[in-house]
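Take a look at the letters that make up each chain.
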Amino acid sequence: MITSKQLKFSYSSQKHFSFPDINCGDDETLLILGQSGKGKTTLLHLLALLLKPTSGEITINGHNVTSFTSSQATTVRAQNIGIIYQRAHFTNSLSVLDNILLPNYFSGQKQDQEKAAFLANELGFYEHLAKKTNQLSQGEQQRVSIARALMNNPNVILADEPTSSLDDQNCEKVIKLLQTQSAQIGASLVVVTHDQRLKNEFQNRVFL
Amino acid sequence: MNLLKLSIANLKEKKLNSFLSALLLTLGIGMISLLLLLNKQLDEQFRRNIKGIDMVVGAKGSPLQIILSSIYQIDAPTGNIPLSEVATLKRNPFVKTVIPLSMGDNFNGFRIVGTEKSYIEHFDAKIASGKIFENSMDVTIGSKVASSGTLKIGSTFASAHGLDAGGDVHGDKKFKVVGILEPTGSVADQLILTGLSSVWDIHEHEEEHHEEALEGAHETDDHEHHKSEEKQVTSALIRFRNPMGLIALPRQINENTSMQAALPSIEINRLFSLLGIGIETLRTLALAIILIAGVSVFVSLYNSLKERKYEMALMLSMGATRTKLFLMLLMEGIMLAIIGYVAGILLSRLGLLAFSKAAEDDFHYSLKQFSLLPEEIYLFIAALVIGLLAAALPSLGIYKLNISRTLAED
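Protein chains in written order, with our numbering: chain A, 1 to 208; chain B, 1001 to 1410.
Think of the hints as simulated: they come from the structure by calculation, not from any bench. Ideal placement from N, C-alpha and C gives every residue a C-beta, glycine not left out. Worth double-checking, as some hints may not be accurate.
[What the hints assert, rightly or not] Label-pair distances were calculated between CB atoms; the ranges are:
#1 K1306/B <-> D26/A: 36 to 44 Å
#2 Y1302/B <-> T59/A: 38 to 46 Å
#3 Y11/A <-> R1283/B: 49 to 57 Å
#4 Q179/A <-> L1384/B: 29 to 37 Å
Start from the sequences and build out the full structure, keeping to the hints where you can.
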């Protein structure tokens, strides 16, 4: 689970963001909707511990992580958080399979080939495992990045505009997969988007 | 999945860039290594052959030419000197040994040298089979002459005039092989040795021949001695009893006799300092190529780091430490350095092989030492340092990478 209280952040003295409190328990989903420039990505980066808030606090899995140093934050992130970005990015020199295994490697866990194969099967790109990532379509790439986010069995899955570059069909497919997969491992799913198509897919919604 | 695999995958992803960097390193290292090999082996060959020879006397002319022709058997001799003057030298108190040499003919490009048994003793050459020449027209051949295949014990052959293959053949007088020497690693391996009298015999005979046919129309300097009664030789190798000879004798000979004295150590140093300019230029060029290789590694890593900025931020967000990614990038530089080094060393051996073949064809000298030189270990360290530095400079950027901004920008 992930919660935040009175988060504030500023890039410069003119540009201040203050965010509504967020609360997403295990097995729950939360949609954060907002127009461009409202600080959606900033909020997601704060929750992912990629940015440090000017004030406020964040708890992940019951631990207050606000005051963690950056190397502590890296460990927490590696073990507890799976992130999906707006456009799927990969290590281009590696195959799809190796890209999925990277989170295992960097968080110091066993590289679980079986799990990678299982997820690939679940998400429907099993036959592409040996290919390079740039040989895949955008929808396929986004599904690979979901698998990558799931590899470490995170407590929290954060998705930044996961559907905005996808057509309706792929959009629905991707969001359904996100929901079922995070439910399967009992993780909190937080989706940040301006994509109005997702409004009805989530019960819990926060507007920026 | 590990850092090594990641680095290799990254190098493969940029095949052309990696190839260019490795190629430049290969060329630079190959050149330097080849120069080291050639320098060492030429030096060894040259030093080995002057061992125990303090001075060479020959006809007036270039002292370097006297050394090259009489010791190394590569240049043409300067002319002839009277045997009597050589004999006088033998009685000089400074002189320990005198080995007279007489050349001017060849067989299949192998020089026929008229001399005394002391020449064979000088090189510590052992008889492999047969015996040392005794009678006129008997020859003992060096190991390379024997292995060239045309001559064995008991075979007879006619010599050709001149020092390179393809001169007029002295058809009517035949040499006979009576012995073969064991390999000595010296110039003696590539010579056909015979007594002084054989050379006189064959040319006296020819002289008559010539006088009958023509009025000596194409007589050369080599034949001048036939016109006088006095016996002549081409040169003589001299060893001193003590270093005092080095001070007194050369000047005495140059001033008071018709001969010219040449000191091998001085001439060889002079030769090497002449060659040295060329070697120095090539070495500088090779160093420049290696530096360019370093710049190429730098540029290609710098560019790929710019392209891979997002990838790096992504890896960092997955829990990779900056040091780990820094090491990954360093490894790419080191791998290029190692590839370049290994390929360079192989290239230099190939070069040496080609060079050795040419040298063997032209001078019968072989340069065949392919083992790793100690200097090449330093070369390896230098290649690693260049690879490391070239990779480290751009890779330090990884410590300044702003993960959040990089991920948000794209």
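Results for each hint:
1. For K1306/B paired with D26/A, a C-beta distance near 41 Å keeps the hint of 36 to 44 Å intact.
2. Taking the beta carbon of each, Y1302/B and T59/A are about 41 Å apart, inside 38 to 46 Å as hinted.
3. Look at Y11/A against R1283/B: about 55 Å separates their beta carbons, and that is inside 49 to 57 Å.
4. Checking the proposed 29 to 37 Å range against Q179/A and L1384/B shows it is violated: the Cβ atoms sit about 52 Å from each other.
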